[in-house]
Amino acid sequence: AQKITQTQPGMFVQEKEAVTLDCTYDTSDPSYGLFWYKQPSSGEMIFLIYQGSYDQQNATEGRYSLNFQKARKSANLVISASQLGDSAMYFCAISAAGNKLTFGGGTRVLVKP
Amino acid sequence: DAEITQSPRHKITETGRQVTLACHQTWNHNNMFWYRQDLGHGLRLIHYSYGVHDTNKGEVSDGYSVSRSNTEDLPLTLESAASSQTSVYFCASSESTRSGTGNEQFFGPGTRLTVL
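Protein chains in written order, with the working numbering: chain Z, 1 to 113; chain Y, 1001 to 1116.
Simulated from the structure, these hints should not be mistaken for laboratory data. Glycine residues also receive a C-beta, built at the ideal position from the N, C-alpha and C atoms. One or more of the hints may lead you astray.
Unchecked claim - Going by beta-carbon spacing under 7 angstroms, a handful of chain Y positions derived as facing chain Z:
id: 1; residue: P1008
id: 2; residue: H1010
id: 3; residue: G1042
id: 4; residue: S1094
id: 5; residue: N1103
Unchecked claim - Covered by chain Z, according to a simulated footprint, are these stretches of chain Y (three or more residues, beta-carbon under 8 angstroms):
id: 6; stretch: 1048-1058
id: 7; stretch: 1104-1115
To be verified - Cβ pair distances, simulated, as ranges:
id: 8; chain 1: Z; residue 1: L84; chain 2: Y; residue 2: E1003; range: 21 to 29 angstroms
id: 9; chain 1: Y; residue 1: E1014; chain 2: Z; residue 2: S41; range: 23 to 31 angstroms
id: 10; chain 1: Z; residue 1: G43; chain 2: Y; residue 2: T1020; range: 16 to 24 angstroms
id: 11; chain 1: Y; residue 1: E1079; chain 2: Z; residue 2: S41; range: 30 to 38 angstroms
id: 12; chain 1: Y; residue 1: N1028; chain 2: Z; residue 2: E61; range: 20 to 28 angstroms
id: 13; chain 1: Y; residue 1: A1002; chain 2: Z; residue 2: A71; range: 18 to 26 angstroms
id: 14; chain 1: Z; residue 1: G10; chain 2: Y; residue 2: N1056; range: 28 to 36 angstroms
Go ahead and model the full structure; you've got the sequences and the hints to work with.
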């Protein structure tokens, strides 16, 4: 079974600053994937970034980067140059064979102008 | 453009009634999933399907059923609705690959279900 832990229930960040969202995971599968999704107040789930367990380099997608530390079982999301539109819930998720996702409890981010 | 839709978007029902939530995707994805999200929490897997006539139980499947008669649709049925099933329900789909771990799931807009 897989497990995701997000220890930060909520955080404030100043506009234009960077913010790091913590995510630790637990799995016994040798091959797995790590995802981050954004859920704005409107409710939809928006895919942000993916990291495979065998990927050598950390994933980046625009202002999003994933700090993957396999030995520590962590997959932190870094959002650079925060914008007001980044205010949302952020979910870390893990998938193993079969592409089923197990989600963490989420971190609410509020960007202050 | 391909999309995934859910209907209804909002539903109020009474305890004990049967309810069916629809999910339709035009991505031609083999994999489809149903999740529920309770207030302030992440999503939990209810049922999933890897293709036509294939269905599997997820983490919180009690009281729910699904059927897959074609690629595009995976309806979720609550056999006898309970107040504990008040939640937001998300349908998702993804491609299927050999590794099965790295495929982005595309989510529908969600259905807010209230059981009184």
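Each hint tested on the structure:
1. P1008: violated (14 angstroms)
2. H1010: Violated - the Cβ of H1010/Y stays beyond 7 angstroms from chain Z, reaching only about 11 angstroms at its closest.
3. G1042: Nearest chain Z Cβ about 3 angstroms off; hint holds.
4. S1094: holds (5 angstroms)
5. N1103: Holds - the Cβ of N1103/Y comes within 7 angstroms of chain Z, reaching about 5 angstroms at its closest.
6. 1048-1058: Per the Cβ count (3), the hint holds.
7. 1104-1115: Coverage by chain Z holds for the stretch 1104-1115 of chain Y (6 residues, Cβ < 8 angstroms).
8. L84/Z / E1003/Y: 21 to 29 angstroms: holds (27 angstroms)
9. E1014/Y / S41/Z: 23 to 31 angstroms: The hinted range 23 to 31 angstroms holds for E1014/Y and S41/Z, with Cβ atoms some 29 angstroms apart.
10. G43/Z / T1020/Y: 16 to 24 angstroms: holds (21 angstroms)
11. E1079/Y / S41/Z: 30 to 38 angstroms: Given range 30 to 38 angstroms: holds, Cβ gap about 32 angstroms.
12. N1028/Y / E61/Z: 20 to 28 angstroms: holds (25 angstroms)
13. A1002/Y / A71/Z: 18 to 26 angstroms: violated (39 angstroms)
14. G10/Z / N1056/Y: 28 to 36 angstroms: Distance hint for G10/Z, N1056/Y holds at roughly 34 angstroms.
Against the hints set out earlier in the document, violations occur for numbers 1, 2 and 13.
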